[in-house]
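Asks: So you can see what is in the structure, the chains are spelled out below.
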Amino acid sequence: MDHSEASRLMASEKYLLDELPPTEMEAFEEHLFACHECAMDVRAGSVFLEHSKAELANFSPRVARRAAEVRPSGGFAWWRPAFAIPAMAILLIVVGYQNLVTYPAMQGALAENKAPRILPAASLVSAATRGSAPSVVAVRAGEPFLLPLDIPPQNAFQSYVVELQNPTGGVEWSLPVSSESVKNTLTIGAPGVDKAGHYEVVVIGRSAQGQNSEVGRYPFDLQFARTANPEP
Amino acid sequence: MQFHAFDRHYLEKLTSGDFRTEEHFVAYFSELIRLKLSRRLHSLSEVEDARQETFARVFAALRKQDGIREPERLGAFVNSVCNNVLLEYYRSSSQEPTSDDEEAEANIPDPAISVIDVIANRQTQEKVRQILDQLPEKDRLLIKAVFLEERDKDEVCRELGVDREYLRVLLHRAKKSFKSIYLKRVAKEAMQG
Numbered sequence: 128m129d130h131s132e133a134s135r136l137m138a139s140e141k142y143l144l145d146e147l148p149p150t151e152m153e154a155f156e157e158h159l160f161a162c163h164e165c166a167m168d169v170r171a172g173s174v175f176l177e178h179s180k181a182e183l184a185n186f187s188p189r190v191a192r193r194a195a196e197v198r199p200s201g202g203f204a205w206w207r208p209a210f211a212i213p214a215m216a217i218l219l220i221v222v223g224y225q226n227l228v229t230y231p232a233m234q235g236a237l238a239e240n241k242a243p244r245i246l247p248a249a250s251l252v253s254a255a256t257r258g259s260a261p262s263v264v265a266v267r268a269g270e271p272f273l274l275p276l277d278i279p280p281q282n283a284f285q286s287y288v289v290e291l292q293n294p295t296g297g298v299e300w301s302l303p304v305s306s307e308s309v310k311n312t313l314t315i316g317a318p319g320v321d322k323a324g325h326y327e328v329v330v331i332g333r334s335a336q337g338q339n340s341e342v343g344r345y346p347f348d349l350q351f352a353r354t355a356n357p358e359p
Numbered sequence: 008m009q010f011h012a013f014d015r016h017y018l019e020k021l022t023s024g025d026f027r028t029e030e031h032f033v034a035y036f037s038e039l040i041r042l043k044l045s046r047r048l049h050s051l052s053e054v055e056d057a058r059q060e061t062f063a064r065v066f067a068a069l070r071k072q073d074g075i076r077e078p079e080r081l082g083a084f085v086n087s088v089c090n091n092v093l094l095e096y097y098r099s100s101s102q103e104p105t106s107d108d109e110e111a112e113a114n115i116p117d118p119a120i121s122v123i124d125v126i127a128n129r130q131t132q133e134k135v136r137q138i139l140d141q142l143p144e145k146d147r148l149l150i151k152a153v154f155l156e157e158r159d160k161d162e163v164c165r166e167l168g169v170d171r172e173y174l175r176v177l178l179h180r181a182k183k184s185f186k187s188i189y190l191k192r193v194a195k196e197a198m199q200g
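So the sequences go chain by chain: A and B.
So for the first sequence, our numbering puts the first residue at 128; every next one is plus one.
So for the second sequence, our numbering puts the first residue at 8; every next one is plus one.
Derived from the structure by calculation, the hints contain no laboratory data.
From a predicted model like this one, the values you see are computed outputs, not experimental measurements.
By construction, the Cβ of each residue, glycine as well, lies at the ideal position given by its N, Cα and C atoms.
Among the clues, some could well be false.
[Stated by the list, open to error] Quick list of in silico lysine-lysine cross-link-like pairs, DSBU-like style, CA-CA up to 35 Å: (1) B/Lys71 - B/Lys20; (2) B/Lys145 - B/Lys71; (3) B/Lys160 - B/Lys145; (4) A/Lys180 - A/Lys141; (5) B/Lys145 - A/Lys310; (6) B/Lys183 - A/Lys180; (7) B/Lys134 - B/Lys183; (8) B/Lys186 - B/Lys134; (9) B/Lys186 - B/Lys160; (10) B/Lys160 - A/Lys180; (11) B/Lys186 - A/Lys180; (12) A/Lys180 - B/Lys134; (13) A/Lys141 - B/Lys186; (14) B/Lys160 - B/Lys183; (15) B/Lys145 - B/Lys183; (16) B/Lys191 - B/Lys134; (17) A/Lys310 - B/Lys183; (18) A/Lys180 - B/Lys191; (19) A/Lys322 - B/Lys145; (20) A/Lys141 - B/Lys134; (21) B/Lys186 - B/Lys145; (22) B/Lys134 - B/Lys145; (23) A/Lys310 - B/Lys71; (24) A/Lys180 - B/Lys71.
[Unchecked claim] Quick look at which bits of chain B chain A covers, simulated, 3 or more residues with Cβ under 8 Å: (25) 42-51; (26) 151-157; (27) 178-191.
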């Protein structure tokens, strides 16, 4: 074996990997002992591998960890621990939160709706009267309250819309009301609010042509109280 | 290792017993002999015994009046002596050294590990670490499985989705990266020797 043949066959690498058949190995060794370049090549490779063994023995945890990453994973890549473990953790947190916080709260709310209770009310029956002091309602933050009011029926309007304007002038909510409903005193169950202050219920009449006109304003002051009403 | 041409001058110094030339000669061929023997013998002690025996016979032949006279044949001669030693090992696994061998062994340079060797070893280890760090994790795993764990190469290649050619090329590249610092190291050792 000459040097060009040894290079072409990658004989140095095959020798270090113990891949040469016996006859080729002997032929390469004959060359190796006489060729300085191949001798240094094999020696360098051998020393590198000896030192690599020592290095890689210390690399064990990293190698083992990454080994799992290089395995072909196909369509189940998302089941790898890197993804599955955080996903499971998030899922457990969500389930735990639902069971410990959300569902008990919903059950409490349902129970509250089923049980009788007294709600605070801001009577607006005479609130539209000029010069009268605004009604005052004391509620807890977020607590629903009642808004009883009279809307004077007008033939010009086919329906009405009741809006609640908050202290900043924004519309808190709006409620469509039929002309039939206004024949009697309306009692609106208002959802709780989180701001105390001066509120106004605005009634807007809607004509058959779709034109809107303000019918009246019913102001009231909403105050927050620690215990506006005793619990049932 | 700095290469000393195996010329007539080198051969004369070797046959005359020049210590530094003998030291270079042993250092140059030791690793090659060890690699050759380790592919054929089972234990490290057998390899070491056969290596010592090979050098003993080579030096004994060099000191004879009708010993080797063609310097370009020096490498082939060492290889052939090693082959003869191996043949004898195949015939008898328990071989006691002769008195002549013992005398020859005593003359073989075997320098102790010095502080410089330790530093050089650390530098070599650092270079190897750098090369390994730059390799993809799969390649490190491949080298570890094949050379450290001595697992079946086909099985490892199959597991990692590569072929045997990939392993050869990986070794070739790593060896090439390492060779430059290795050559510097052996050249320094030769100058300090």
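Asks: Hint by hint, note whether the structure agrees.
Replies: Against the structure, the hints come out as follows:
1. B/Lys71 - B/Lys20: Holds, at about 14 Å.
2. B/Lys145 - B/Lys71: violated (54 Å)
3. B/Lys160 - B/Lys145: Holds. B/Lys160 to B/Lys145 sits at ~14 Å (cutoff 35 Å).
4. A/Lys180 - A/Lys141: OK: A/Lys180 and A/Lys141 at ~18 Å, within 35 Å.
5. B/Lys145 - A/Lys310: Measuring from Cα to Cα gives roughly 82 Å; hence the hint is violated.
6. B/Lys183 - A/Lys180: Given that 35 Å is the threshold and the Cα spacing comes to 18 Å, the pair holds.
7. B/Lys134 - B/Lys183: It holds: about 12 Å lies between the C-alpha atoms, which stays within 35 Å.
8. B/Lys186 - B/Lys134: holds (10 Å)
9. B/Lys186 - B/Lys160: Judged against 35 Å, a Cα distance of about 24 Å means the pair holds.
10. B/Lys160 - A/Lys180: Holds. B/Lys160 to A/Lys180 sits at ~16 Å (cutoff 35 Å).
11. B/Lys186 - A/Lys180: With Cα atoms ~17 Å apart, B/Lys186 and A/Lys180 stay inside 35 Å; holds.
12. A/Lys180 - B/Lys134: holds (14 Å)
13. A/Lys141 - B/Lys186: holds (17 Å)
14. B/Lys160 - B/Lys183: holds (22 Å)
15. B/Lys145 - B/Lys183: holds (19 Å)
16. B/Lys191 - B/Lys134: Judged against 35 Å, a Cα distance of about 12 Å means the pair holds.
17. A/Lys310 - B/Lys183: With Cα atoms ~98 Å apart, A/Lys310 and B/Lys183 exceed 35 Å; violated.
18. A/Lys180 - B/Lys191: holds (22 Å)
19. A/Lys322 - B/Lys145: violated (62 Å)
20. A/Lys141 - B/Lys134: Holds: A/Lys141 and B/Lys134 sit about 23 Å apart, inside 35 Å.
21. B/Lys186 - B/Lys145: It holds: about 22 Å lies between the C-alpha atoms, which stays within 35 Å.
22. B/Lys134 - B/Lys145: Holds - the C-alpha atoms of B/Lys145 and B/Lys134 are around 19 Å apart, at most 35 Å.
23. A/Lys310 - B/Lys71: violated (136 Å)
24. A/Lys180 - B/Lys71: violated (42 Å)
25. 42-51: Result for this restraint: holds, n = 3.
26. 151-157: holds (count 4)
27. 178-191: Check passed, 8 qualifying residues.
In terms of the numbered hints stated before, the structure departs from hints 2, 5, 17, 19, 23, 24, listed from lowest to highest.
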